[in-house]
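Starting from the known structure of chain Z, fit chain A onto it as the hints suggest.
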Amino acid sequence: MKSTKMAKGLLLISSGFDSPVAGYLMLKNDVDLIAVHFDNRPFTNDKPLTKSRKLIELLEQKFDKKIKFYQIDHGQNQIKFMKNCENRYRCLLCRRMMFKIAEQIAIKEKCNFLVTGENLAQVASQTIFNLTNADKAVNIKILRPLLCYDKLEIINLAKDISTHDISIEAAICCNAVPRNPVTRSKLHFIKKEESKINIKEMIQESLDKAKVF
Amino acid sequence: MKFKIEKCKNKDGISVKPLTKVNLNFKKLKQRFEVKVDTPIILIINKEGEIIIHNYGDLLFKELKNKDKIKVIADEIYKNG
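Residue numbers (this note's numbering), protein chains in the order written: chain Z, 391 to 603; chain A, 14 to 94.
Next comes chain Z alone, as it looks inside the complex (with noise of 0.2 Å):
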């Protein structure tokens, strides 16, 4: 018998190949599943987003359920990094940003859990400091489905599952990140960051102005 029958997470969706993927092994495992994508426009363009959505009909079709989704205007938020924060920090600034507005989504919808495509040391971001560190910015437990495969069994997989042909879709990448992101961040460093913006202000207009499908 499976024990996750009730559970239920808070899917961050980007459009790429991972968290469709990390989305659709937990659903595979029986855990319902809310989707929140993170819209980075100005620095982006609109097909990030309607890739997400795409991606997530797709999985709701192969499940034969309904997933909410939440779309949040992040793209306010990252001027505020730009600004005000310390360049080499902006993309686990960003991360922790997003982890604290999904922790809150994930409080108002029940969710018991955050699940990511997050992939160790996939890209700069993604070292074990930053994930550690981006981590410690919630309570909420974050499953990482991916964390251990590589790239070609990811991709591999969203072939299996037919998320690929989205994903692989033309877009405009985040233009947001730094030309060289921390890969050994510190948390005491991160904290006098975020001691520069107001965080809370941040996480509540992103969201009071949050769409929902």
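If you're looking for bench data, these hints aren't it; they were derived computationally from the structure. Keep in mind that the hints are not guaranteed to be accurate.
[Stated by the list, open to error] Below, a list of computed lysine to aspartate or glutamate pairs in the EDC-like style, where the Cα atoms sit at most 16 Å apart:
(1) A:Lys75 x Z:Glu583
(2) Z:Lys531 x Z:Glu559
(3) Z:Lys398 x Z:Asp422
(4) Z:Lys444 x Z:Asp429
(5) A:Lys24 x Z:Asp555
(6) Z:Lys490 x Z:Asp436
(7) Z:Lys599 x Z:Asp429
(8) A:Lys92 x A:Asp71
(9) A:Lys22 x A:Glu76
(10) Z:Lys601 x Z:Asp463
(11) A:Lys24 x Z:Glu559
(12) Z:Lys601 x Z:Glu499
(13) A:Lys22 x Z:Glu559
(14) Z:Lys586 x Z:Glu476
(15) Z:Lys470 x A:Asp51
(16) Z:Lys456 x Z:Glu499
(17) Z:Lys500 x Z:Asp422
(18) A:Lys84 x A:Asp71
(19) Z:Lys549 x Z:Glu559
(20) Z:Lys526 x Z:Glu499
(21) A:Lys20 x Z:Glu559
(22) Z:Lys437 x A:Asp81
(23) A:Lys24 x Z:Asp436
(24) Z:Lys452 x Z:Asp429
(25) Z:Lys437 x A:Asp25
(26) A:Lys41 x A:Glu89
(27) Z:Lys498 x Z:Asp598
(28) Z:Lys437 x A:Glu63
(29) Z:Lys452 x Z:Asp598
(30) Z:Lys473 x A:Asp51
[Said to hold, decoys possible] Anything over 10 Å on all C-beta distances counts as not near chain Z; from chain A, calculated:
(31) Lys15
(32) Phe16
(33) Lys22
(34) Asn23
(35) Asn36
(36) Lys75
(37) Leu77
(38) Lys84
(39) Val85
(40) Ile86
The beta carbon of each residue, even a glycine, is placed where N, CA and C say it ideally should be.
Just chain A, lined up with the frame of chain Z:
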């Protein structure tokens, strides 16, 4: 100045990368172009569609696809910044 023009990583925009080290002067660019987003690191301007300008010189044309027009605008940005 020499630069390369190519499709961006995820293929939906056109990326321009200078072949030499560049540090753009945003103050000058702001006087020349219509600015949509103004930060110390990234400027977004409107010139035949949105263009994301990084202070280290990389440009991303979000809508414009015509490479001849892109070359002219990129030249104008580098000349004035």
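Structure-based check of each hint:
| no. | hint | verdict |
| --- | --- | --- |
| 1 | A:Lys75 x Z:Glu583 | 30 Å, violated |
| 2 | Z:Lys531 x Z:Glu559 | 31 Å, violated |
| 3 | Z:Lys398 x Z:Asp422 | 5 Å, holds |
| 4 | Z:Lys444 x Z:Asp429 | 15 Å, holds |
| 5 | A:Lys24 x Z:Asp555 | 14 Å, holds |
| 6 | Z:Lys490 x Z:Asp436 | 23 Å, violated |
| 7 | Z:Lys599 x Z:Asp429 | 12 Å, holds |
| 8 | A:Lys92 x A:Asp71 | 14 Å, holds |
| 9 | A:Lys22 x A:Glu76 | 15 Å, holds |
| 10 | Z:Lys601 x Z:Asp463 | 9 Å, holds |
| 11 | A:Lys24 x Z:Glu559 | 8 Å, holds |
| 12 | Z:Lys601 x Z:Glu499 | 14 Å, holds |
| 13 | A:Lys22 x Z:Glu559 | 12 Å, holds |
| 14 | Z:Lys586 x Z:Glu476 | 10 Å, holds |
| 15 | Z:Lys470 x A:Asp51 | 11 Å, holds |
| 16 | Z:Lys456 x Z:Glu499 | 14 Å, holds |
| 17 | Z:Lys500 x Z:Asp422 | 11 Å, holds |
| 18 | A:Lys84 x A:Asp71 | 13 Å, holds |
| 19 | Z:Lys549 x Z:Glu559 | 13 Å, holds |
| 20 | Z:Lys526 x Z:Glu499 | 21 Å, violated |
| 21 | A:Lys20 x Z:Glu559 | 14 Å, holds |
| 22 | Z:Lys437 x A:Asp81 | 25 Å, violated |
| 23 | A:Lys24 x Z:Asp436 | 14 Å, holds |
| 24 | Z:Lys452 x Z:Asp429 | 25 Å, violated |
| 25 | Z:Lys437 x A:Asp25 | 9 Å, holds |
| 26 | A:Lys41 x A:Glu89 | 12 Å, holds |
| 27 | Z:Lys498 x Z:Asp598 | 13 Å, holds |
| 28 | Z:Lys437 x A:Glu63 | 15 Å, holds |
| 29 | Z:Lys452 x Z:Asp598 | 31 Å, violated |
| 30 | Z:Lys473 x A:Asp51 | 9 Å, holds |
| 31 | Lys15 | 20 Å, holds |
| 32 | Phe16 | 16 Å, holds |
| 33 | Lys22 | 6 Å, violated |
| 34 | Asn23 | 4 Å, violated |
| 35 | Asn36 | 12 Å, holds |
| 36 | Lys75 | 6 Å, violated |
| 37 | Leu77 | 12 Å, holds |
| 38 | Lys84 | 20 Å, holds |
| 39 | Val85 | 21 Å, holds |
| 40 | Ile86 | 17 Å, holds |
When the structure is compared with the earlier hints, violations turn up for hints 1, 2, 6, 20, 22, 24, 29, 33, 34, 36 and for no others.
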